[in-house]
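Novice: Spelled out from the first residue to the last, the chains are:
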Amino acid sequence: MRADLEEDLAPFIAARWGSLVRSAWLLTGDRDKAEDLVQTVLARLWLRRPVAVDLDAYARRALYTTYITWWRRRWRFEHPTAELPEVAGAADHAEDVSRRLVVDAGMARLSKRQRAVLVLRYFEDRTVEDTAVVLGCSTGAVKTHSSRALAALRADDTLRDLARRGGDR
Amino acid sequence: MTEDDVRDLLTTAVPDLPAPADPVDLVRRRASRVRGTRIAATAAAAVLLVLGVVALIPTAAPSAPAAPMPMPAPGPPKTCFAPDNIPGPNGKGAPGQVVPEGATRVTLCTFTPDTQSARVEWVTTTATTSGDLSPLIDTLNGFDDFEEHRDAHPGVEVLACNLALSRQYQMIFDYPTGGQWSVQFDMNCGTVTGGAVIRYGKVTDALNAFNTRYRASGGDVPPPPWDW
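Heads up: the protein sequence lines correspond to chains A and B, in order.
For the first sequence, UniProt numbering gives the first residue as 1, with consecutive numbering after it.
For the second sequence, UniProt numbering gives the first residue as 1, with consecutive numbering after it.
Don't read these hints as lab results, they were simulated from the structure.
Model, not experiment: these values are computed from the prediction.
Note that the Cβ used here is the ideal one computed from N, Cα and C, for glycine as well.
Some hints here could point you the wrong way.
Said to hold, decoys possible - Listed next, with one range per pair, are the computed distances between beta-carbon atoms:
#  : chain 1 : residue 1 : chain 2 : residue 2 : range
1  : A       : Ala94     : B       : Thr11     : 46 to 54 angstroms
2  : A       : Asp56     : B       : Glu121    : 53 to 61 angstroms
3  : B       : Val14     : A       : Thr139    : 21 to 29 angstroms
4  : A       : Ser147    : B       : Pro95     : 36 to 44 angstroms
5  : A       : Asp157    : B       : Arg33     : 39 to 47 angstroms
6  : B       : Ala216    : A       : Val53     : 37 to 45 angstroms
7  : B       : Thr112    : A       : Arg109    : 45 to 53 angstroms
8  : A       : Asp30     : B       : Arg7      : 35 to 43 angstroms
9  : B       : Ala196    : A       : Asp157    : 35 to 43 angstroms
10 : B       : Thr112    : A       : Ser98     : 51 to 59 angstroms
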């Protein structure tokens, strides 16, 4: 029985790891936290595999709801270490790093729900209806969060400049 | 900044995140640790039970993804309930929505103090409206929970409840099920409370949403006054 489950889940994890971590990075702004969040969600799936559900949809809902309702509490109690939390890859360039920092700083000003809505709507390209299903709220709530989040980003001069430069490329 | 700009910003901001050599193994090991922790916790609980020690430990179980709150079942009718002039509930509260969706009617109770003495007598007035209440409900559910509020206001661990003797409000929602739901506004602390759920923010936005709905349904903006 266990082996059957593992046989079922292992390919899913291997295939979806990268995609889940990228979304989690936009939620947390940190590679270690993103991987920890994804591991937490997938480990839960591993321990209690729901029967007859779309694994990807389930994992994504769990990713966002865990992030919003529970995730932050764990990290508050993590201890700092002497190691750098994130190591830039060889392909990183100063402009990319700068861009990343500006976007992360802008996202950090949003509430957890606003941030989740932005990632779902504009990174995962989900419709308002899909986003509402993932977050377990109404489409009206998604629109409200989205509108407030966009207004907050638009009020950020640095982000606006960055977006303008992006448009000029 | 257009929505396409935001899409572009988010897409290009994500760094290269190479996958670990064996993500399945990482998950398997994490699951083993969680299982081990649960077993240890179960064993410890069993030992405590044997010793006759019963401890109630609140658990923040993450479990299943959140689902919209169901409409309330019929119960005793809810009425305007004047505040007791002490700061309302604050702190973390329960997770979830502050008001269930699907209400078809809402009554706003306004409590106005008619004296500035320590013993306040409240004058209660009401206004009722119906129709599309989703903007109002979304506004209420869109307010920050405790941790979001604290994240947005670093260092503010205790609310400054400094508007005593101001006007206070309550909303009573009616549902097609015949059930009702009450939301208390605490203008002192800037909170709304529905059941065990507490949210924080600019609560006058919800009062303005009511006002908008009230005007749209033909209300002539009678008392209660709308200058929150």
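Novice: Next step is simple, just say for each hint if it's right about the structure.
Specialist: Evaluation of the provided hints:
1. A:Ala94 - B:Thr11: 46 to 54 angstroms: violated (19 angstroms)
2. A:Asp56 - B:Glu121: 53 to 61 angstroms: 59 angstroms Cβ-Cβ, so the 53 to 61 angstroms window holds.
3. B:Val14 - A:Thr139: 21 to 29 angstroms: Holds, at about 26 angstroms.
4. A:Ser147 - B:Pro95: 36 to 44 angstroms: The hinted range 36 to 44 angstroms is violated for Ser147 of chain A and Pro95 of chain B, with Cβ atoms some 23 angstroms apart.
5. A:Asp157 - B:Arg33: 39 to 47 angstroms: holds (45 angstroms)
6. B:Ala216 - A:Val53: 37 to 45 angstroms: holds (41 angstroms)
7. B:Thr112 - A:Arg109: 45 to 53 angstroms: violated (37 angstroms)
8. A:Asp30 - B:Arg7: 35 to 43 angstroms: violated (22 angstroms)
9. B:Ala196 - A:Asp157: 35 to 43 angstroms: holds (41 angstroms)
10. B:Thr112 - A:Ser98: 51 to 59 angstroms: At roughly 54 angstroms between Cβ atoms, Ser98 of chain A and Thr112 of chain B fall inside 51 to 59 angstroms, so the hint holds.
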